[in-house]
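Novice: Given next are the chains, with one letter for each unit.
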Amino acid sequence: MMADKQSTRVAYGKALAELGAKNEKVLAVDADLAHATMTVDFATQYPDRFYNFGIAESNMMAAASGLANSGYTVFASTFALFGAGRAYEQIRNSICYTHANVKLGLSHAGPSCGEDGGSHQSVEDIALMRVLPDMTVLVPCDAIEMKKAVFAAAEKDGPVYIRTGRLPTDICTAETTPFEIGKAITLREGSDVVIFACGIMVAQALEAAELLAAEGVSAAVVNVHTIKPLDEECVLRMANACGAVVTAEEHSVIGGLGAAIAESLMGKTCASFERVGILDRFGQSGKPQDLFREYGLTSEAIVKACKRVIMQKHASSQQR
Amino acid sequence: MTETQHSQAQQIRTDILKMLYGCQSGHPGGSLSVVEILLALYNHVMRYDPANLSWEERDRLVLSKGHGCPALYAVLAQKGFFPRESLWTLRQLGSILQGHPDMRKTPGVDASTGSLGQGMSIAVGYALAGQRAAKPYRVFCVLGDGEAQEGLVWEAAMAAAHYKLNNLTVIMDYNQLQIDGTNDQVMSLGSIQDKFRAFGWETLETDGHDISAIAEVLNRPASDAPRFVLCHTVKGKGVSFMENAVGWHGKPMDQEQFNAAMREMGC
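So the sequences go chain by chain: G and F.
Sequential numbering from 1 applies to the first sequence in my numbering.
Sequential numbering from 1 applies to the second sequence in my numbering.
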């Protein structure tokens, strides 16, 4: 693991600008948050391919569909809450329903955006985007993966949601780690329990696996960067191999990664199962690290969940 | 309006009534009020080629008041975008003609609309694309009046003026009725013209049932601002018992009503 931390929003901005140099059909639109979502990098280098729509996210999303349906690849950015939330219906009807080539790079997702508080911390964006027909949902785990996600999204025809974060976080992948939409990455092999994680919780999952290893527990860690389409083959294979499953996400346990995996596994495996995530609560102001403790988004919380599902696995195998 | 124009409009109205009677659902009032606006566009203003749907320089129409689509479908069929027989499949399973416009299913439809207020924003996107590529096409957006109660319309109005989208024309089918009553009973719009002017638009108005008058206004040379055209119309136009009647927004006709309407069409 590399020592220096980087935020996925900064990586998003850099990747978008780099993509702009390679593809003249790429446009970026923002809603007065270019310096926060980091589309400012693209806007500075390609001012004639950047449109600021002002603080009017709904108009931005529907207009983005018009631009995309005229032959452009449009990256639309604002905070996750104001894109996935406020402009939800424009994303649904103008973007997804028309299969528009719009990529939603929405930032400040989750409590990791910190002090701004619950009104700005989206805990439901993955759920909202995941239920939309035709939408692809990407939650990159670090700055390196973010760049790959941006380029892969641009290659893919149709709408893609990319969740970005404000907080500089650990690097968990390498430049050489392959990235393919819909293909989960096993970062660590293990046999007692498998942890499926996305976004900044991947680093926490890796840390949890280290802590468990010190206690003689073998935990696999899978980076599920694509929530939709979910890599169901990998999920089922790893669940069956380990017999105990924990999911970890910086998002509500309702409707996100954990829910997607639960839906996928239901009826197909005997593995015990637990979700680590936000338990049906809004966020609040605070330092990110304090919020992670408050909401149970830590490696320690993952370790405890792993121990519980391993106990359940053993209990149920004894019953049989 | 000439005799030919009148009979063209009667033909479209006849098709609308047959379509709506056939599927026993849909929106007669707002379909009948928009007929001349669409005929002016497709007969005298817009450039398009039914044989080349993806022609980049075609003019675009966004029917933001998507529930008026039976009128659009009847006009598109007449122009050869799809076979006339398709009209009788409106709103049925597997039809290319959905209850509200679907650009992925219907040849000649350039925007999926029906969720009110979104069409103008989509049109802003099309107009921006035309402007940045220096394409000569124009973008037309037909807006309902009640629809202007959506805040999104005004976000789009602001953006269109900001980006000086003089290739964009918004046409309001101003029949002054919506589902729950008159505009003034439900949510007063005040002076729509003044509002658009305040947002920096060129504003014009005309009789929305006079094809020549509508075409004349739409064909005027562009200024440097987006254009708003208020078309005074009658909801349910052409069918006496539907005209200016609140109840005919989205009500199916029974056989007796259909026969009476057909007689008024001269059928």
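No lab work stands behind these hints: they were computed from the structure.
A portion of the hints provided could be inaccurate.
[As the list claims (entries may be wrong)] Using C-beta positions, here's what the derived DEER-type ranges look like:
| # | chain 1 | residue 1 | chain 2 | residue 2 | range |
| --- | --- | --- | --- | --- | --- |
| 1 | G | Asp-116 | F | Thr-182 | 39 to 49 Å |
| 2 | F | Gln-10 | G | Met-266 | 32 to 42 Å |
| 3 | F | Thr-182 | G | Pro-47 | 43 to 53 Å |
| 4 | F | Asp-184 | G | Gly-54 | 28 to 38 Å |
| 5 | F | His-232 | G | His-35 | 19 to 29 Å |
| 6 | F | Arg-104 | G | Glu-263 | 37 to 47 Å |
| 7 | G | Lys-5 | F | Gln-92 | 24 to 34 Å |
| 8 | G | Asn-23 | F | Gly-266 | 21 to 31 Å |
| 9 | G | Gln-45 | F | His-6 | 49 to 59 Å |
| 10 | G | Arg-281 | F | Ser-240 | 55 to 65 Å |
| 11 | G | Asp-116 | F | Gly-80 | 50 to 60 Å |
| 12 | F | Arg-47 | G | Gly-71 | 42 to 52 Å |
| 13 | F | Met-265 | G | Gln-45 | 56 to 66 Å |
| 14 | G | Glu-263 | F | Lys-251 | 46 to 56 Å |
Glycine is no exception: its CB is placed at the ideal position from the N, C-alpha and C atoms.
Novice: Next, verify each hint and record whether it holds.
Specialist: Hints, one by one, checked against the model:
no. : hint                                   : in the structure
1   : Asp-116(G) with Thr-182(F): 39 to 49 Å : 44 Å, holds
2   : Gln-10(F) with Met-266(G): 32 to 42 Å  : 59 Å, violated
3   : Thr-182(F) with Pro-47(G): 43 to 53 Å  : 47 Å, holds
4   : Asp-184(F) with Gly-54(G): 28 to 38 Å  : 30 Å, holds
5   : His-232(F) with His-35(G): 19 to 29 Å  : 46 Å, violated
6   : Arg-104(F) with Glu-263(G): 37 to 47 Å : 27 Å, violated
7   : Lys-5(G) with Gln-92(F): 24 to 34 Å    : 57 Å, violated
8   : Asn-23(G) with Gly-266(F): 21 to 31 Å  : 57 Å, violated
9   : Gln-45(G) with His-6(F): 49 to 59 Å    : 57 Å, holds
10  : Arg-281(G) with Ser-240(F): 55 to 65 Å : 60 Å, holds
11  : Asp-116(G) with Gly-80(F): 50 to 60 Å  : 55 Å, holds
12  : Arg-47(F) with Gly-71(G): 42 to 52 Å   : 18 Å, violated
13  : Met-265(F) with Gln-45(G): 56 to 66 Å  : 60 Å, holds
14  : Glu-263(G) with Lys-251(F): 46 to 56 Å : 41 Å, violated
Checked against the numbered hints given earlier, the structure breaks hints 2, 5, 6, 7, 8, 12, 14 and satisfies all the rest.
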